[in-house]
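Undergrad: Sequence:
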Amino acid sequence: MKKLSLALLLPCAFAVTNCGAMRWMSQPPAHNSSCAGWNKIRLKPETAVYLAKNDFAAGIDIDSHNLNGQNNGCWK
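In terms of UniProt numbering, the sequence shown opens at residue 1 and continues consecutively.
Please note that a few of the clues may not be correct.
[To be verified] Taking CB as the label site, the calculated pair distances span:
hint	residue 1	residue 2	range
1	K53	G73	30 to 40 Å
2	S34	N54	11 to 21 Å
3	G37	A58	27 to 37 Å
4	N71	L43	25 to 35 Å
5	W75	K44	12 to 22 Å
Treat the hints as calculated values from the structure; they're not laboratory data. No experiment lies behind these values; they were computed from the predicted model shown. Don't be surprised by glycine CBs; every beta carbon is placed ideally from N, CA and C.
Start from the sequences and build out the full structure, keeping to the hints where you can.
TA: This is the structure we're talking about:
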């Protein structure tokens, strides 16, 4: 039960702490070639829980990476 609640809380924590990493959102994407080689990083729930416990900064960086790619139109 503890892991489940942590897994549900993790996306909220990423959203709250990700505000500082969103300074690039005010800049429009230059062009679609900026997406070359940009792939979404997918995490299993177990991996997200591990990152939340052991390397929270890495989880924030992954979330920021995915949000940047989404905002640049690299994926939906």
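Undergrad: Compare the structure with each hint and give your call.
TA: How the hints compare with the structure:
1. Hint check: K53 to G73, Cβ distance near 33 Å, so the stated range 30 to 40 Å holds.
2. For the pair S34 and N54, the beta carbons lie near 32 Å from each other, so the given range of 11 to 21 Å is not met.
3. Distance hint check: the CB atoms of G37 and A58 are about 20 Å apart, inconsistent with the given range 27 to 37 Å.
4. Checking the proposed 25 to 35 Å range against N71 and L43 shows it is violated: the Cβ atoms sit about 19 Å from each other.
5. For W75 and K44, the hinted distance range of 12 to 22 Å is satisfied, since their beta carbons lie about 19 Å from each other.
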